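Visitor: Here is how the chains run, residue by residue.
Protein chains: 2
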Amino acid sequence: MKIFEEKIAPNARRVRMFLAEKSISDIEYVQLDLQKGDNVSKEFKQMNPLAKIPVMELEDGSYLSESVAICRYFEAVKPSPSLMGESPLQQANIEMWQRRCELYFMNLIGMGFQHCSGFFADRMTPVPVWGQECVKDASKFMPLLNDHLANSEYIAGDTFSIADITAFVSIDFARVIKLRIGDEYTHLLRWYKQVNSRPSARA
Amino acid sequence: MKIFEEKIAPNARRVRMFLAEKSISDIEYVQLDLQKGDNVSKEFKQMNPLAKIPVMELEDGSYLSESVAICRYFEAVKPSPSLMGESPLQQANIEMWQRRCELYFMNLIGMGFQHCSGFFADRMTPVPVWGQECVKDASKFMPLLNDHLANSEYIAGDTFSIADITAFVSIDFARVIKLRIGDEYTHLLRWYKQVNSRPSARA
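Here the protein sequences line up with chains A and B, keeping their order. So the first sequence is numbered by our numbering: it starts at 7 and just counts up by one. So the second sequence is numbered by our numbering: it starts at 7 and just counts up by one.
A couple of the hints might just be wrong.
Since the list can't tell identical chains apart, any single copy or any two copies may satisfy a pair.
[Claimed, not checked] Once the Cα atoms are required to be at most 30 Å apart in a straight line, the calculated DSS-like pairs of lysine-lysine come out as:
| id | residue 1 | residue 2 |
| --- | --- | --- |
| 1 | 84 | 28 |
| 2 | 58 | 142 |
| 3 | 58 | 13 |
| 4 | 8 | 28 |
| 5 | 199 | 13 |
The set of hints was computed from the structure by calculation and includes no laboratory data. On a predicted model such as this, the values are computed, not experimentally measured, just so you know.
Chain A on its own, in the form it takes in the complex (with noise of 0.2 Å):
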């Protein structure tokens, strides 16, 4: 199999750090540029119409996007150790937890980050006062996430998770609009360092 990315993007690690904690090795990954278009080309937008890394080729040649799409493939086919929830309270509440750090902070750190640098100026309208507002709100999601980390060890409970993955990508890929775990946020560091020491955290 083999994926289509580019390793400084944050779904791109995503999908890297879920298939290290899972141990699967036997990938072939193509790096593309994205700043230079590779990904808006004819041939890229047939793996897939909506032009988002990454996109994995599986062995019958049809293509899979989406990076929680791709996750969830390789937890079906390798269920252990389980990142997406075994029992059905736990996969809703990771899904819920999923879902909060990907909508609530890493779109927006995202959106925050192209639309005030007009990064990819030459294929959208780069809107700074918006860019702005993003960047304002992501910056409301770590308190929420601190007094969450105060009485749960993993971002969705005692196990960690794909929540864990896209919070603690997310927080890194913050940089770019130069957001960083304040001082004040002390159950959040102790989670971060924890993530941070898992071999995955390197993939």
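Given the coordinates of chain A, assemble chain B onto it according to the supplied hints.
Guide: For chain B alone, kept in the frame of chain A given last:
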């Protein structure tokens, strides 16, 4: 079990439609008025600190939010009929299309509406020029979906799934930004008519 929602909200409708497809009817629905701010009250934020609906109260008194997480819970407790897929590839394909319909369509319609109308101006900063970008981008998803449905009975293959629910609810919701399925999108119209005839479309 109890679900706190506002009947007209698209995320609330997603859950009701999902439950109707699963013939789950023993749920008490509690109606909130979002424009009045029922969801930003201190009491509500104890159920969901992100202040979003729907929220489900479980029998043990705990709360679950994020519509797809609520659906995931019911998919696990009542797997048949499956709406999130059975084989690994089917699960991944449904996850991919569900996310595409949500990220590049439903969420854009929502932001287009909020930023152009100022509906929630008391609790957010509307950026009309960003709203207009969202409307423009959301409208590009219709031809993509139409092309895809030329060769696919449902959004994620030959069975009805949560991806169809997200796309269907989004299309109805799109009237708030005056976006309708154009007559030229014959495959999308065929699919819409088919989904609209299911009893769950009235849930």
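Visitor: Now tell me, hint by hint, if it's right for this structure.
Guide: Hints, verified against the model:
1. For the homomeric pair residue 84 and residue 28, the shortest alpha-carbon distances inside one copy (7 Å) and between copies (27 Å) are both at most 30 Å.
2. Both within a single protomer and between protomers do residue 58 and residue 142 lie at most 30 Å apart by alpha-carbon distance, with minima of 25 Å and 18 Å respectively.
3. In this assembly of identical chains, the alpha carbons of residue 58 and residue 13 lie at most 30 Å apart only when taken from the same copy (13 Å versus 33 Å across copies).
4. With identical chains, the CA atoms of residue 8 and residue 28 are at most 30 Å apart within one copy only, with a shortest distance of 17 Å there and 36 Å across copies.
5. When the C-alpha separation of residue 199 and residue 13 is checked against a cutoff of 30 Å, the pair qualifies only within one copy, where the shortest distance is 22 Å, while the shortest distance between copies is 43 Å.
Consistency note: the structure conflicts with none of the earlier hints.
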